[in-house]
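Engineer: Keeping the supplied structure of chain A fixed, place chain B upon it in accordance with the hints.
If you want the building blocks of each chain, they are given just below.
2 protein chains.
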Amino acid sequence: MTAEIICVGTEILLGNIVNTNAAYLSERLAALGISVFFETTVGDNPERLEQVVHQGLERSDILILSGGLGPTKDDLTKEIAARACGQKLKEDKEAMRRLKEYFSSTRLPMTENNLKQAMVPENCTVLYNENGTAPGMVIHEERGKEVILLPGPPSELIPMFHHQVEPILQKLRPGVLFSKVIKIDCMGESSVETEILDLIEKQSNPTVAPYAKLGEVHLRVTANADTMEEAKELVKPMVMELRRRFGNKIYTEEEDITLEEVLVESLAEKKYTIAAAESCTGGMFTGRLVNVPGASDVLNESFITYSNEAKMKYLGVKEETLNTVGAVSEETAVQMAEGAAKAADADVGVGITGLAGPGGATEDKKPGLVYIGVCVHGKTKVKKYQLKGDRQKVRQVTVSRAMTMVRLALCEE
Amino acid sequence: MTAEIICVGTEILLGNIVNTNAAYLSERLAALGISVFFETTVGDNPERLEQVVHQGLERSDILILSGGLGPTKDDLTKEIAARACGQKLKEDKEAMRRLKEYFSSTRLPMTENNLKQAMVPENCTVLYNENGTAPGMVIHEERGKEVILLPGPPSELIPMFHHQVEPILQKLRPGVLFSKVIKIDCMGESSVETEILDLIEKQSNPTVAPYAKLGEVHLRVTANADTMEEAKELVKPMVMELRRRFGNKIYTEEEDITLEEVLVESLAEKKYTIAAAESCTGGMFTGRLVNVPGASDVLNESFITYSNEAKMKYLGVKEETLNTVGAVSEETAVQMAEGAAKAADADVGVGITGLAGPGGATEDKKPGLVYIGVCVHGKTKVKKYQLKGDRQKVRQVTVSRAMTMVRLALCEE
Chain A
1 MTAEIICVGT EILLGNIVNT NAAYLSERLA ALGISVFFET TVGDNPERLE QVVHQGLERS
61 DILILSGGLG PTKDDLTKEI AARACGQKLK EDKEAMRRLK EYFSSTRLPM TENNLKQAMV
121 PENCTVLYNE NGTAPGMVIH EERGKEVILL PGPPSELIPM FHHQVEPILQ KLRPGVLFSK
181 VIKIDCMGES SVETEILDLI EKQSNPTVAP YAKLGEVHLR VTANADTMEE AKELVKPMVM
241 ELRRRFGNKI YTEEEDITLE EVLVESLAEK KYTIAAAESC TGGMFTGRLV NVPGASDVLN
301 ESFITYSNEA KMKYLGVKEE TLNTVGAVSE ETAVQMAEGA AKAADADVGV GITGLAGPGG
361 ATEDKKPGLV YIGVCVHGKT KVKKYQLKGD RQKVRQVTVS RAMTMVRLAL CEE
Chain B
1 MTAEIICVGT EILLGNIVNT NAAYLSERLA ALGISVFFET TVGDNPERLE QVVHQGLERS
61 DILILSGGLG PTKDDLTKEI AARACGQKLK EDKEAMRRLK EYFSSTRLPM TENNLKQAMV
121 PENCTVLYNE NGTAPGMVIH EERGKEVILL PGPPSELIPM FHHQVEPILQ KLRPGVLFSK
181 VIKIDCMGES SVETEILDLI EKQSNPTVAP YAKLGEVHLR VTANADTMEE AKELVKPMVM
241 ELRRRFGNKI YTEEEDITLE EVLVESLAEK KYTIAAAESC TGGMFTGRLV NVPGASDVLN
301 ESFITYSNEA KMKYLGVKEE TLNTVGAVSE ETAVQMAEGA AKAADADVGV GITGLAGPGG
361 ATEDKKPGLV YIGVCVHGKT KVKKYQLKGD RQKVRQVTVS RAMTMVRLAL CEE
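Those sequence lines, one after another, are chains A and B. The first sequence: position 377 = 377 (UniProt numbering), numbered continuously. The second sequence: position 352 = 352 (UniProt numbering), numbered continuously.
Everything labelled a hint here was simulated from the structure, so no lab data went into it. Please note that the accuracy of each hint is not assured.
Short, incomplete list of chain B residues facing chain A, as computed with Cβ under 7 Å [what the hints assert, rightly or not]:
#: 1; residue: V18
#: 2; residue: V36
#: 3; residue: L299
#: 4; residue: G359
#: 5; residue: T362
We put the beta carbon where it would ideally sit given N, CA and C, even for glycine.
Chain A on its own, in the form it takes in the complex:
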């Protein structure tokens, strides 16, 4: 069973708003095991909207349209969808009752165009709107296709979809879908793919697909079956195989868990505290750690030591080191990590120093050169990275790499 999402609204095409409805609907439909092959955004233009609806009816089983159900002249979604399904509009008594009630309770003036919101196609299920005036509807097309119309504002669309549309879709679809994600934080997308090329080539059910994220690669394993239990059973051997291949390069198998959450959890489990000394990242490492509610269990303080003086003053980095090998060096990263742990009396110290660019390059130090030191109870590891990208990307990836180094250091302890 395939669905197609059609978002109606000139404001999306002008870039005035980001289309979060499409992302929400896509994610929910995937969870319901309904494949979405196309998402289209079209403006408040009757000819182009009609063209898109006709095309959708030809190639998909379910159309989900959002937006254009309001009372104004350019809200035409319902009229066009009804016409495309060969249906006339009729008044829905309950919709009319609710509309009148709304206007009498708010004492807003009810105009002639408000009344058109109570008109619905002849053969449809009306979705009454608990959070606004425009009712949604599921139009039953004669070939058995379903055309679902939803109001545009997310505060109306989300509860209507979740409470009223999902139960309808669940009944339409045979079987269930289950998917699991495997998140890898220390390999590039193409290296990951090379490792699983054989699995991708022979995949059918379950499938496995890599997604590149900033500093990470996610692998999604998805199976289709008659029951949830069967689907989960199908996913299992593939996940086991991926675990065997990637080992502790996998930082989580949970959909909602981020690298910083894994880090905070690992530290909290060991009752460890962490302190960072950040130069080129300027606080981004600690800032990301604080994304996690409860970071206060593992973090008391960190140091943003941008100048050489600050590195000496708070972390005890040696002046000689700075004068000879310089601030961007293995030695400085080590002294920063150890100095941060000592000054904060923390179990784990992190030292980050690098050239984020674009300026500051020398003969042997190019932008993107980063040294990260990680010290756990006096045992220090240091790594050199030559990262690609602009200043922002270098700094963001640096934060990910530092988190991975801490994660692995804790694993290996």
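Structural biologist: Relative to chain A, chain B alone:
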């Protein structure tokens, strides 16, 4: 001239990521005076992608495709776009040189599938990627249509579009379009809109359109004319009017200038240094300041004082204050700002303390409550904010608000 945006990626159809590229491209195309009538998202499926590309070639002058240029097997955008334009692929020497250089400098293993990234259609302009490995390209189709392929990651797509594609599009379009942006950092979108309702209602040439950004509102004034000079003349009175209405609520009128850049520049002009003491933001304020190359002129060090102990130890916040009014209070924010300035011997001190949520609420302190103190040469101002949104959004907006407070404090000095 009409353009159509085609985003390629199963991860968008699965709702794994929100399609911010479409919003970015739409906004930029609108600014260039190019009408976007359709946006389509399609998965990594060759038949469906080809169908969408063919349809786009029939109905639009310019196709902009994002995503699917990577090295993996399901990255097929280039192959399909070339076929739809009737072109074969050939190796681009410069792309190959860059690819090899990248892999030798990063010491990552270069696999066979990486090499396919250097293959480009016969008749195209190659857009070399300064922030990743996949080059973009403008395929010149025989009927005079242009098919523009861009990498999916926004950190690669945005600079490539801005620096390389926009100049090409400007030449394609008859007449010229000039637009100017006015960035406001201390008002919400609806307040800004209310202030300019009359201007929006009677607009024709130039137009003015508000865009809500995180913690900011941008107003774009756009004029259409035969020559650049005329277009600039048309924009002028509207910009003057907006300046009159918003005054120093405008932090810049430059497209590429960010709030943190304005801040670093204002500090550098006065030869001031700044130091922050960050609690709930955990380093994000300073991290954002360090976005600006040359931040070292104004920043030596900052403090991430997450625990009460750290606030006392590094900033001299009084134990009595923490025990009576608590860490999230006006008094603590003031002492943090003053303490940071003193400890770092800086001209400007910033203190940020708040409840980012979701936990930690009390009877009179709800998540989203933030106090920001700003101290310039011993003169301290403090403000209370009750921000909306999740933990992340509260912290990001807090950083913006703190930057605005420093900016205004420097203006008023």
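Engineer: State for each hint whether it applies.
Structural biologist: Evaluation of the provided hints:
The interface hint given for V18/B holds, since its Cβ lies 4 Å from the closest Cβ of chain A, which is under the 7 Å cut-off. Checking V36/B against chain A: minimum C-beta separation of about 5 Å stays under 7 Å; hint holds. This hint holds: L299/B has a C-beta 5 Å from the nearest C-beta of chain A, less than the 7 Å allowed. Here the hint on G359/B is kept, as its CB sits about 6 Å from the closest CB of chain A, short of 7 Å.
For the restraint placing T362/B at the interface with chain A, the shortest Cβ-Cβ distance is roughly 16 Å, beyond the 7 Å limit, so the hint is violated.
Of the numbered hints given earlier, the model fails hint 5 alone.
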